[in-house]
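Chain by chain, the residues:
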Amino acid sequence: MFHFRKVVLNISRHWAKSLLAVFSCMLIVVFLFLFFSGLLVNLQQMEALSEAIPIEARISNLNGTMSSGMIIQERVIQALEDSGYVTDLQYTSEIAAAMGEVSGDEAAKMERGDITFPLGLGVNRVEALTGASAEGFTFAEGAGSELLTGTESVCVIREQEMEELGLAVGDSIRVTLFSVTYPGDNAMKNYNRLGVYELRIVGSFRIPVSEIATRAAQMIFPVKWQREIQKQAGSTFFADSARFRVAKPLDLNSFKAEMDEVGLLPVISEANSSQHGIALTVNDETFIKTATRLRENITLTQILMPVIVVIVGFLGFVVSYLLLQSRRPEIAIMRSLGVSRRNCFGMLLFESAILVISGSLAGVIVASFFVDMDTVLGLGVGISFFVVYMAGTAVALKILGKFSVMQLLTALD
Amino acid sequence: MGEFGNSIRQIRRTPLRSGLFLILIGLSAMLLTLGVVLYRTGEQNMKRVEEVFVTIGLVSQKPDRFETMEIWDAEKRDMNEFSSPVYDIMLPPEALLFEGADYIDPPVHRPYYGAYDPSFVYPDNTYIRLIAQTREHYPIVEVTPLEDCVPDHTVQLKILRELYGRNGIAGREIFGTETILFCDHYNADPQTLYAGKTYVMALEWRPSHQEWVDTHTGVDALAGEFFPRSMGSNYLISSQYSPNGEMIPDSMPMEYACEEVTEGFYDTPRGLRWLELAKAMDMAEHTIPVIPTDNTQFLISFYNGNSVIINGRDISPEEYKEGQIVCLISQEFAKMHGYEIGDTVPLSLYYADYRGSASQDFPPDGLPMGNPNHLLNAQGKSYEVFEAHDYTVVGIYNEINKASYSSGYDMAGYGVVIPAASVKNSVANNILDYGPMKGYNTVFRIPNGSVERYLERWGKYGVDAGISDKLEITIYDKGYTRIKEGLAQIKQVAFALFISGLLVTVLILLFFSNLFIGKQKKRTAIERSLGMDKRSCTVSLLSGVMAIVALGSTLGSAAGYALSGLAMGLLSELSQWVTFSTEYSNWANSVGNAEEMLPATGTEGLLIAFLCGSSVTLLALGISLVQIRSNLRSEPLKLLSTRDA
Amino acid sequence: MLEVRDVGYIYQGKYQSIEALKRVNCHFAAGKFYAVTGPSGSGKSTLLSLLAGLDLPTSGEILVEGCTMAAMDRDKYRREVASVVYQSFNLFPLLTALENVMYPMELLHVSKATAAETAKRLIGEIGLGEKTYQQFPVMMSGGEQQRVSIARALAAGGKIILADEPTGNLDSANEENIVKIMKNLAHEKGYLVIVITHNPNVCEQADAVYRMRDGELRT
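Chains as they are written, first to last, in my numbering: chain A, 1 to 413; chain B, 1001 to 1645; chain C, 2001 to 2219.
Next up, chain A with everything else stripped away, as it sits in the complex (with noise of 0.2 angstroms):
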């Protein structure tokens, strides 16, 4: 108790070094804080830039001149599928339906192309249809999107074609399906006839005029029933389109090296147009040039953070020590009236550490002027210094501890 009391009488006797240390102890908390926080808000940005800008990715064709109607082989669909780095992927594949059995003679007819057919598209999602939007979309009362993204046999057809054809949401249809291919590496069309299905209407979609982009296509299935009924027939799938968003964008280099794995190219714009759906083209560019600046804040802090902190460790230490030295004087009289070597450090301790935890509260409230207070950074920022700016005033006490009582009192003579 009697400790305590003088250690409060000293704080406010002495109270202008008092407060020069808490001060300083303030001042270095406040840098030391700023410091680890402009490292947290970059990180906490980059973080966030993976929200902020999404990384987009699509299938192209070598030449990268097209984004829909190639030929893209199911086992990239699949990998696609499979990879951690990819999320939202959405795929379509051409089919094309001609209503009512198709048979024989007009089925050759047309595969070979003499008939023009109706465009269908297996989606994995609504999405995947370019240009469409939910709303656009109406379907049956207990159903919804999610059909397309399952294996029933089902489909949703454009509504100009409901009217045309007299068809209600809730119907059943019967149509003949023809897998679509591109024999000729070019835009002429190859249709193979997989059989005839029976198919439930789930719903039907509208797209708004403005929307051009959007394909023409007249009928959706769910892809994965396209798939099955695909394989069953022995009739190879191909995607006709596929993009994504990649999932983790701080691991873009792993991304691009499963890409890698998986066989797909990057675009060559020299190279000659083909259906073949074998590139890949990542739009990172906004997120690449902020996230490498981010990162070079972040890197460029992290190296100098040791120097740093050394630093304003030892400039806790000189402040503490030059305090300290000044107070020889009267660690002397306490000493000579018998106040042991220990209770006198513990006391000059005590005081210190006063002072150390005053400035660094002081710190932690100033500097959350400038910032958000982060609890376990400032928890960490205020104890670390503490830590320092202790041990620095524990050395400081252990060289000036070092003097003799005897010289000093009589050299004060």
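To be clear, the hints were calculated from the coordinates, so they are not data collected in a lab. Computed from a predicted model, the values in this text were never measured in an experiment. Each residue gets a CB set at the ideal place from its N, CA and C atoms; glycine is no exception. Just to be clear, a hint being listed does not mean it is correct.
What the hints assert, rightly or not - Rough simulated footprint, nothing fancy, chain A against chain B, three-plus residues with beta-carbon under 8 angstroms:
| id | stretch |
| --- | --- |
| 1 | 1036 to 1042 |
| 2 | 1045 to 1055 |
| 3 | 1475 to 1488 |
| 4 | 1616 to 1625 |
For this one, chain A is given, so just place chains B and C on it according to the hints.
For chains B and C alone, coordinates are given in the frame of chain A:
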């Protein structure tokens, strides 16, 4: 000099304290140098981040209503309904000039230009022939029916002469036969065609009627048939506008693209117009679209990264501003015509189209003859060239991921991008068509991060002005708004760090002067009692102090400089293997990116170190002087009679 | 009460060592007033510091009531047995006179009230008034400061007072006063008082005088 020597001597006699202060000053100078380097680098980095983002707004006027039109379909023998948008008035971009809009570039309703040169040709391959709108599909021919007929169904016509066709004006064959199938498909009440009479027609191709296919062997739908161009696609009628968006009435409207040819017909004004149309169509075949802009990023295809410059460079902001005669051309166009960087492309601009998008009229796949529908002016003449320059190619771009159907936002096939300011002459007499503002022709730019503010003010103004429901404004900022706060925070923290570093330095100096110079009070008192004047006392004390400060701040800032250099070097080295891979990146081939991605260079490091070192020294000098003055103010005798505790 | 046996002391300086005391032998008894005198640097202050237990002799030993100081808790010795009075007073500059006097008692965990009471009594006994209680050392004259430091020396209740030139900074009136206090302490209250001094007047009043020269003691 003696004062100085004594001063130094006395400082040397307290080596620990002097040494500590030397270290203290050195460290603070070092801290300040490192802090400033860190701050400057961060600042530059943030500036470079800002440059990545461009915030643009696309303006689109919404139709006031849709009008339903009924058009006869001869195959169905019934009316087909079409709806088309109606705009009561076309709002000018000035409608968007309101207070507080803060445009960097205000909205401008831009046309695209048609540039003619006989050397411009489109690729001619089977595939394109099959699907494209080539001249086989739009012939202007003189024909005669095989027998008298009312062409409300498929009839056969014999070709007598081509004014414009597969083989040009002197050509002969269309689809390898001398007869073509014809039906006045969209006309509910077609006029009778008489055998033996000659008719001139502007035709367009469409698939055969199913009825004809069913009743004739060896004929399929692709054989197709022709109909006279009518309504909106009737080339014979002018769609010329005045610059304020008003249509100039055609001097001689020719509603029906089919006319009997009689003796001396081509000497009559009507006949002359047919010849003029054939000439205009021939010109159109050698026309490429020219897209004027003030910033490459205003072209959405570039903005969203679908188009990138793969060779050469972008047009610089200065070139845009000054209207230099430079251009960007598409890779297809460059390949087809053998253009390389530095070559010149002759661009003779002869019409301006304010309605369509270049990419809708000239589809991106580089197909010819997308062309606007109306090629003649109100006088029935082809448009005259109003501006002609040889534009120097500075960059070649490539558009990837073209949509199968143009949304209007893609780059046009063979599209040439030029600085809008390079077109100096008036287009008043060359406005081929005019339409409302659309996202592809009206773009503005606002400062990054001001989207919310803009929309708020626009919302208020738009309602007041009664146009908020007429205009649709879509703003793109590449995600800037979402990272805006974060960036601001980074900048704020960096600045606060810089300030607190500065304060730490000041504090250390105060500390220094208080503990170090304050301690010298007695010495000053002794010196004064020995008869030294105040000035000499000051010099005596200051010289020693400044020796420490100068040495400390020099060493400190030098160490700071060395360290920051080391850190920068390490950063460059690290960045070589920690940067993001640009494999697969849409902009990987884009030139100039390699150096753009290099880390900020610390060229100003030396300057920063020098400035920090000198500021610390100067600051120390100032603070010391204040302290010394206070020392001198104390009574020497009083000082001497008390003890130096 | 205090016995100095063959005590030697060497200052270990950075560049040289100084033999401050050479085989000093002497004896100090309770209830007596001793003076130690000698020229500057003769080792008198060193002897005093050793007697105060601020350090141990390099050679020889000091016995306190027959116990060697080396084996003692010297902090406790200073707290409870021996107190030092310095020429420069060595008061805590930031403590008031009262607080300075209370300090040693508080170290002994005497209650604050008792300590204050005792301190006030002691301050009274050495001839200072109430107005000095709340004065800081800088506000007092040298004589007053020295009286406070004597009061502080008495506060702990130890029976040994060691004074290093207590009158060195004082005028003759104050000097006389201090010597009188010291003498009284020895003769009336049974304290052992050892005073280091250059002052022949002080020597004259002492019960015994030790003269020192070059670290050696001559009686």
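Each hint tested on the structure:
Only when three residues or more bring their CB closer than 8 angstroms to a CB of chain A does the claim for the stretch 1036 to 1042 of chain B stand; here the count is 3, and the claim holds. Against chain A, the stretch 1045 to 1055 of chain B contributes 6 residues with a C-beta closer than 8 angstroms to a partner C-beta. That satisfies the three-residue criterion, and the hint holds. Against chain A, the stretch 1475 to 1488 of chain B contributes 6 residues with a C-beta closer than 8 angstroms to a partner C-beta. That satisfies the three-residue criterion, and the hint holds. Remark: the stretch 1616 to 1625 of chain B is not confirmed as covered by chain A, as 0 of its residues place a Cβ nearer than 8 angstroms to a Cβ of that chain, below the required three.
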